[in-house]
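Enquirer: Listed below, chain by chain, are the residues.
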Amino acid sequence: MGQTRLRLFGLVAVALMLAAACGGSGGTNPPAKQYKIGLVTDIGGLNDKSFNHLAYVGLQKAITDFNVKGDVKESKTGDDYIPNLTNFASTGYDLVIGVGFLMQEAVGTVSGQFPNIHFAIIDGAGTDAKGNDLQHTNVQSLFFREQDAGAMAGVISGMLEKQGKLKNNKGVISAVGGVSIPPVNHYIAGYKWAATMEDPGIKVLVGYSNDFTDPAKCKGVAQGQIQANSDVVFQVAGGCGLGALQAAGQAGVKSIGVDADQKDADPSVIVSALKKVDVATYTAIKNVVDGKFTSGALTFDIQNGGAGYALDNVTLPADIQAEVTKVQGEIAAGTLTPPADIPA
Amino acid sequence: MAQGTGAMVARPRPPGLPSGPTTIARRVVGGLAMPLGSVVFAFVVGGLIVAVTGGNPFSAYAGLICGGFGIGCTQGENPALQISNTIVFLTPLIATGVAVALPFRAGLFNIGAEGQLLAGSMACTAIGIKFSTLPTPVLLPMVLVGGMVAGALWAGVAGVLKATVGAHEVVTTIMMNYVAQWLLRYLIIGGPLQLAAGTSKSLPIGPGARLATLLPSDNSLIVFGLPASVYRVHTGLFIALVAVAVFAFLLWRTTLGYEIRAVGQSQRAARYAGVSVRRTIIVTMLIAGAFSGLAGAVQIAGVDHNLTDKYFSDTTGFDAIAVALLGLGSAVGIVLAALLFGALHAGGSVMQSDAGISSNLVLVLQALILFSIAANFLGAMRSLIPGLRRPPGAPPPGNPAAALMTEAAAPPPEGTPSK
Numbered sequence: 001m002g003q004t005r006l007r008l009f010g011l012v013a014v015a016l017m018l019a020a021a022c023g024g025s026g027g028t029n030p031p032a033k034q035y036k037i038g039l040v041t042d043i044g045g046l047n048d049k050s051f052n053h054l055a056y057v058g059l060q061k062a063i064t065d066f067n068v069k070g071d072v073k074e075s076k077t078g079d080d081y082i083p084n085l086t087n088f089a090s091t092g093y094d095l096v097i098g099v100g101f102l103m104q105e106a107v108g109t110v111s112g113q114f115p116n117i118h119f120a121i122i123d124g125a126g127t128d129a130k131g132n133d134l135q136h137t138n139v140q141s142l143f144f145r146e147q148d149a150g151a152m153a154g155v156i157s158g159m160l161e162k163q164g165k166l167k168n169n170k171g172v173i174s175a176v177g178g179v180s181i182p183p184v185n186h187y188i189a190g191y192k193w194a195a196t197m198e199d200p201g202i203k204v205l206v207g208y209s210n211d212f213t214d215p216a217k218c219k220g221v222a223q224g225q226i227q228a229n230s231d232v233v234f235q236v237a238g239g240c241g242l243g244a245l246q247a248a249g250q251a252g253v254k255s256i257g258v259d260a261d262q263k264d265a266d267p268s269v270i271v272s273a274l275k276k277v278d279v280a281t282y283t284a285i286k287n288v289v290d291g292k293f294t295s296g297a298l299t300f301d302i303q304n305g306g307a308g309y310a311l312d313n314v315t316l317p318a319d320i321q322a323e324v325t326k327v328q329g330e331i332a333a334g335t336l337t338p339p340a341d342i343p344a
Numbered sequence: 001m002a003q004g005t006g007a008m009v010a011r012p013r014p015p016g017l018p019s020g021p022t023t024i025a026r027r028v029v030g031g032l033a034m035p036l037g038s039v040v041f042a043f044v045v046g047g048l049i050v051a052v053t054g055g056n057p058f059s060a061y062a063g064l065i066c067g068g069f070g071i072g073c074t075q076g077e078n079p080a081l082q083i084s085n086t087i088v089f090l091t092p093l094i095a096t097g098v099a100v101a102l103p104f105r106a107g108l109f110n111i112g113a114e115g116q117l118l119a120g121s122m123a124c125t126a127i128g129i130k131f132s133t134l135p136t137p138v139l140l141p142m143v144l145v146g147g148m149v150a151g152a153l154w155a156g157v158a159g160v161l162k163a164t165v166g167a168h169e170v171v172t173t174i175m176m177n178y179v180a181q182w183l184l185r186y187l188i189i190g191g192p193l194q195l196a197a198g199t200s201k202s203l204p205i206g207p208g209a210r211l212a213t214l215l216p217s218d219n220s221l222i223v224f225g226l227p228a229s230v231y232r233v234h235t236g237l238f239i240a241l242v243a244v245a246v247f248a249f250l251l252w253r254t255t256l257g258y259e260i261r262a263v264g265q266s267q268r269a270a271r272y273a274g275v276s277v278r279r280t281i282i283v284t285m286l287i288a289g290a291f292s293g294l295a296g297a298v299q300i301a302g303v304d305h306n307l308t309d310k311y312f313s314d315t316t317g318f319d320a321i322a323v324a325l326l327g328l329g330s331a332v333g334i335v336l337a338a339l340l341f342g343a344l345h346a347g348g349s350v351m352q353s354d355a356g357i358s359s360n361l362v363l364v365l366q367a368l369i370l371f372s373i374a375a376n377f378l379g380a381m382r383s384l385i386p387g388l389r390r391p392p393g394a395p396p397p398g399n400p401a402a403a404l405m406t407e408a409a410a411p412p413p414e415g416t417p418s419k
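Read top to bottom, the protein sequences are chains A and B.
Numbering (our numbering) for the first sequence: 1 to 344.
Numbering (our numbering) for the second sequence: 1 to 419.
Hints may contain errors.
Derived list of chain B stretches under chain A, where covered just means 3 residues or more per stretch with a C-beta under 8 angstroms from a C-beta of chain A [claimed, not checked]:
| id | segment |
| --- | --- |
| 1 | 70–81 |
| 2 | 194–206 |
| 3 | 299–311 |
Calculated Cβ distances over 12 angstroms to all of chain B for the following chain A residues [to be verified]:
| id | residue |
| --- | --- |
| 4 | Gly38 |
| 5 | Val172 |
| 6 | Gly178 |
| 7 | Asp264 |
Since the hints were made in silico from the structure, they are not lab data.
In this text the structure is predicted, and so the values were computed from the model without any measurement.
For glycine and all other residues, C-beta sits at the position ideal for the given N, C-alpha and C.
Okay, chain A solo, but in the shape it has when bound (with noise of 0.2 angstroms):
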């Protein structure tokens, strides 16, 4: 049916295409080498405002610093993401990235079929089946100390609270996780903590929506914790948490975005808790370049710019201010370390 067709197609474009190779090829010298990176973004696809978007901004950046050619491929179910990784793998990529722990086993699987192939993975390792990390000796893990940006939230929550300039001043705020995976709780454990610092006696609220994606269900999640007199929710959820924001919006409370700046997801976002991927996936492409790939885990925190917050929708105090500034330096110089686990 289709096909013949399609086989036509094929040999008109693919004519096009060599006449257009021999009238273009000018006699210049080829550059050395240049490196090709291949990026595969999860289901969220390269315009999630997030994770993928992040990365495609570092490998912008790298095809800009280290003139390499860059090259994605956007995943549209989880199907996608061992055919996508094969290929860049099959067709001699140097750097293979994969983005998000969701590609954790896809990984895990093509890193063992191209063992001469560079991978790096965002939040995640290569596994088997079973999640136990193969510690393949060509994959790279880009890993965030998530606890470090998520104190950098919870020190703002907390002073907040402890003066009394949100709305319900009763002494609670919350956050809604996704689904209580590590990832997720590193920021909720730094929220907590640096809130319970800045104010012994607050209580913070942790709730999941066991999802990512569908905003009603984190929606429905943070007007629990708003009935219950929370004044600030963060939300660890990726998309599903846009309706945490939003749900704080409509009942005029205040909201901390999450990876990315989402300054203009909701106006009750008063400041977001970054994880830098573009940073990491920059890195990961200069490390290769330079012959500087390294297997195992690659750690981005707030002492290597890899973590930190934007302030949003809001003007702080210049007491709340200086005591971000001096926590994030505490925190830089390892004299204050969040915990990974949320702390009871």
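Fit chain B to the supplied structure of chain A, relying on the hints for placement.
Expert: Only chain B this time, still in chain A's reference frame:
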């Protein structure tokens, strides 16, 4: 019988329709023209969209063809790998395509193939984990049949509701999709199938529950220049082809198939002829669900080996609606349409990295194909509205796929294989 089917009252066939070899030939040509035309239309309009947005449609389609069929690759893609990816993608589309096409023949619109597929994959995984130590000859049939039963029950709910209280199957099957999706979430996030706290996947099924791949899953064996394990084509392909053959046989060579078609063309006439409409509706949905459930079980047994969060974003059961429509609800048509959609799926990402055109173009093409088929609905209606009826002597209209959903469709020639 409830009157929820009021829109599907019987219409008499226009009198004086000629029949004979010429008509059949015309119908075959007309039947091919519609899907081919839809695909060509989609590719032309898609090409225009690419050109208007500053891309090169020729390099876009070259990328699609390379990705889908391994032909004319410019960036060193391995043709065998691309073809194997296409086959992996098309396998579940065949069985779910059947699960949509069969109810169409009975005048039912099964939008629940996705939920039935999930039910099948959940049952397959649960059985494959629970009895993981059993050997293949015992466990593999268990997981496949388990998946079929689960899918059948999932669709059967809609069938029973339709037959007893007249609840519209479009609504009930959509709702059952949600039930399946949330049940899946529960099972692998905090539920009994969860691998470990903090994960969103299940344990892998036992080795005895897995379908063999055509090539050994070996990283050191080099086939066509790549490790053999990258070619993921599995024996589920043959199961899908058997399923589609069973569908054709059932529909055209059995009493039940005759009853299904009779109910689809006119419930009143079928009832008058002694066919139990209620029973036929329920049985049709049960069988359709079994096909979808089989697709889900084969996907677990052949490709994934465990339930993961990727099933949250699975769209196979929805793509199947397009496959069934484009394939005109016939066995051969479904296989060809599944091949096209599988190739589009596999080709999208190659097009994106080679030609720099967003793989969303694939979704645009799929939508355009569907749009074009739906637009032909008007062609079918035209012959039924008196003012627009073709003049006497004009050739009869073809067999537009969309009209399969209506009882107004002209019946396909009796007794001929569903070519």
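Enquirer: Which hint numbers doesn't this structure obey?
Expert: 4 and 6
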